[in-house]
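Participant: Based on the sequences and whatever the hints tell you, model everything.
For reference, the chains in residue letters:
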Amino acid sequence: MRLNEIMIKDVITSTPGTTIKTALTIMEEKRIRHLPIVNELDEIIGIVSDRDLRDASPSRFEKDCNQHLEKPIKNVMITDVLTAFPNDFVEEASNIMTENQISCLPIEDDGKLIGIITETDLLHTLVKLTGADLPSSRLEVEVDNKSGMLASVAQIIKEHHLNIHSALVYPSFKDDKKVLVFRIQAMNIRPVTEAIKKQGYKVVWPTNLEMKV
Amino acid sequence: MKKDAAYIFSPEQLTYKFSEEHPFNQKRLLLTHDLLHKVSALDSNQIFPARKATDEELKLVHDKDYVEAVKKASEGYNPSSYKTTYGIGTDDTPSFLKMHDAAAWLVGGTLAAVDLVFEHGYKHALNLGGGLHHGFRGKASGFCVYNDSSIAIEYMRRKYKAKVLYVDTDAHHGDGVQWAFYNDPNVCTLSLHESGRFLFPGTGHVNERGHGEGSGYSFNVPLEAFTEDDSFLESYEKSFREVVEYFRPDVIITQNGADAHYYDPLTHLCGTMKTYHYIPKLAHELAHQYCEGRWIAVGGGGYDIWRVVPRAWAAIWLEMTGKTSVTKNPIPESWLQRWSKEAPVDLPIHWYDEENFYPEIPRKQEITKKNERTVLKSLKPIYDTENENKMQL
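Note that the protein sequences, when read in sequence, are chains Y and Z.
Okay, so the first sequence: first residue is 0 according to numbering that gives the first Met the number 0, each after it adds one.
Okay, so the second sequence: first residue is 0 according to numbering that gives the first Met the number 0, each after it adds one.
No lab work stands behind these hints: they were computed from the structure.
Warning: the hint list may mix true and false statements.
[What the hints assert, rightly or not] Straight line, CA to CA, 20 Å or less: simulated EDC-like cross-link-like pairs of lysine to aspartate or glutamate:
no., chain 1, residue 1, chain 2, residue 2
1, Y, Lys-157, Z, Asp-90
2, Z, Lys-51, Z, Asp-33
3, Z, Lys-363, Z, Glu-223
4, Z, Lys-37, Z, Glu-341
5, Z, Lys-82, Y, Asp-132
6, Z, Lys-82, Y, Glu-158
7, Y, Lys-8, Y, Glu-28
8, Z, Lys-97, Z, Asp-54
9, Y, Lys-173, Y, Glu-141
Facilitator: If you want it as C-alpha cells, here you go:
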C-alpha cells in the first residue's frame, strides 16, 4: 500500500506571516495537531505542532503577557521538515515516523505539498490491512518456519471456496515457528478449521472447540 | 382473553433452509413450538400466521437490484459474480430454490408482529423466525438474506412514526441493523456480542457510535471470549437500563440470538440458561416501564438446536405471557420422547443447566474486569451528557 492511497489530500495549511494566535485557533477548530506552513508556490517551508505553539504561549498564570501571541509563526516553526513522497510504501513512512519520533509526515510532489499522513491514518490503515473492517472471521494458525507453509494453508482455505480478506505472516516467539493470521469472509469457519487441523497444523484461534463436549 | 402477547408462526418459515449440513436450521422453530405446546403455554388463539413481505416492503431497506438478484438466485440462476456483488452463493449463504420467498416470509413475520402491537392492541409479539441481523442493504451476509429487523424498524418509522430501540443479544455483532440506521437519531441500536477480535463479523467496537445526526445512537458492548453468565448479565442489565433511560423509545425490539451459550458450536462465550431466562425478563420489565408494554421480540442465531435454542426461545414466550413458573417443573417427558431419537445429543431434562456443567474458565477475573470497562466506555456519551446537564443545573 502506498501513501497516495491513504494520505489526506485536503491539507489545512498556513503561511509564515500568520500569527501564533490565529494558528492556535485554526488547530483547535479543525481538531488537528500539525500545521504545515507553505509559501505562495505551495512549497513546504515549515511545520508547527500544537506543542510548538503552546511552548510559545504564555503560561495560564501570566494572563497579561499575550503580546507573544501576535508574533508570526515563522518565528517558531520547524524548518528542516521531514517529508515523504506519494509513492512511498506505508511501512516505510511508519518507519521514518517511529525512528524520528514524529507523528506526522507532509507529502510532497516536486516540492509542492500535496498531502499529509498522521499516526491516526496509519492506525486506520493497520485496521484495514488486517481486514478487520469487513464482515469476517479470524483464523490463526501456527506453522513451521519454512517455505510453502502459507501456500499450503491457503490451499485448504481455497478448497473450501472461502474468500480471504487479509493475511498476515509474522514470526512466532518460538524460532522454529511462524504465525499466520487470516480474516476470512465467512461466519462458519468450523469446517475449514477442522480440515486444517486434520492436516496436522496447530490452530491457535478459534480455540477450545474440543473443550465443548 | 387479554391481549398480552401474540406468537407468530407459519410453516413457510421452515422453508428458509440452505442445506442439510448448514448450521442455520429452522427445525429450531418446530422444537420450540412443540416444547411450548407440551407445557400448555401456547393456545391456538395466541398464534398468528406470518405473511410474505411484499417487494415494496423489502425495498424499505434493501436495494432494488439486490432484491432482483435474490429472486433470480431463487430460480437457480447464480453466476459467480453474485458471490462478490451480493454475497449470494457463498458457503455461509448459499442459494436455494425459493430462497426469496422463504426470506420474505421471515420478514413478513416480523412485520405481522409489528402490526399486532401497533394496530391490534397486543402488548408484545414474538416472531422467532426473524432476527436475521447480518443482512445488508445490498448484500447477504452470515446466513442472512433479508434483514427483517431493519425492515420492521423502517416500517415502524414510516407507518407509526415510532422511536425505536433495538437491543441485540446475539453472540455476533448486529452489524446489518446498526449500519442501516447509523445516521438516524430516531433509531437507537444496542448490541452485546463476542468481541470482533475473536468472532465474525469483526465489527461492533465501542467507538462505533453512529454518524451525522445519528451520532450517539449506536451502542456496542463487545465482550471477551469465554464470558460467563454473571459478567454477561451485568453488562446487559447496565447497558440496557442506561440506554433506554437516555433514549426513551416508543417501542423496543429485541433480537434473541441464542448462540452465546457454552454449548453453541460457533461462538466462544460461556453463557448458560440463566442468561436466557433473564434476557427477556429485563426486556419485559423495561418495555412496561418505558413503552406502555410495546415489545417485539425476534429470534436470530443459535446453532445448538437441541439443547439450547428450544429452551431459550420458549423462555421468551413464557416471560411474555407470565408463565415462567412452568420452568420449575422438569422438561416434559412427552417432548423428550418425541425428539430424543432424532437428537444427536442427550436432551436437557431441566429448564436451567446443572451447576458446573463445563470446566472452570481461567482468567475469569480479568474477563469480568475487562467487560466492566467496556460497558463504561460504551456508555460514556450518556454519562457525559448527564454530567453536562448537572453542571447546567
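Participant: State for each hint whether it applies.
Facilitator: Here is what the structure says about each hint:
For the given pair, Y:Lys-157 sits about 12 Å from Z:Asp-90 by alpha-carbon distance, which is consistent with the 20 Å threshold. Pair hint Z:Lys-51 plus Z:Asp-33 does not hold up; C-alpha atoms about 23 Å apart against a cutoff of 20 Å. A threshold of 20 Å between alpha carbons decides the hint, and for Z:Lys-363 with Z:Glu-223 the separation of about 10 Å falls inside it, so the pair holds. Simply put, Z:Lys-37 and Z:Glu-341 have alpha-carbon atoms about 18 Å apart, close enough for the 20 Å limit, and the pair holds.
Distance check on the hinted pair: Z:Lys-82 and Y:Asp-132 sit about 19 Å apart at the alpha-carbon level, within 20 Å; holds. Distance restraint check for Z:Lys-82 and Y:Glu-158: the Cα-Cα separation of roughly 16 Å lies within the 20 Å cut-off, and the hinted pair is therefore satisfied. Restraint check for Y:Lys-8 and Y:Glu-28: satisfied, since their Cα atoms lie roughly 19 Å apart, inside the 20 Å limit. For the given pair, Z:Lys-97 sits about 15 Å from Z:Asp-54 by alpha-carbon distance, which is consistent with the 20 Å threshold.
Our distance criterion of 20 Å between C-alpha atoms is met by Y:Lys-173 and Y:Glu-141, whose separation comes to about 10 Å.
Consistency note: the structure conflicts with earlier hint 2 alone.
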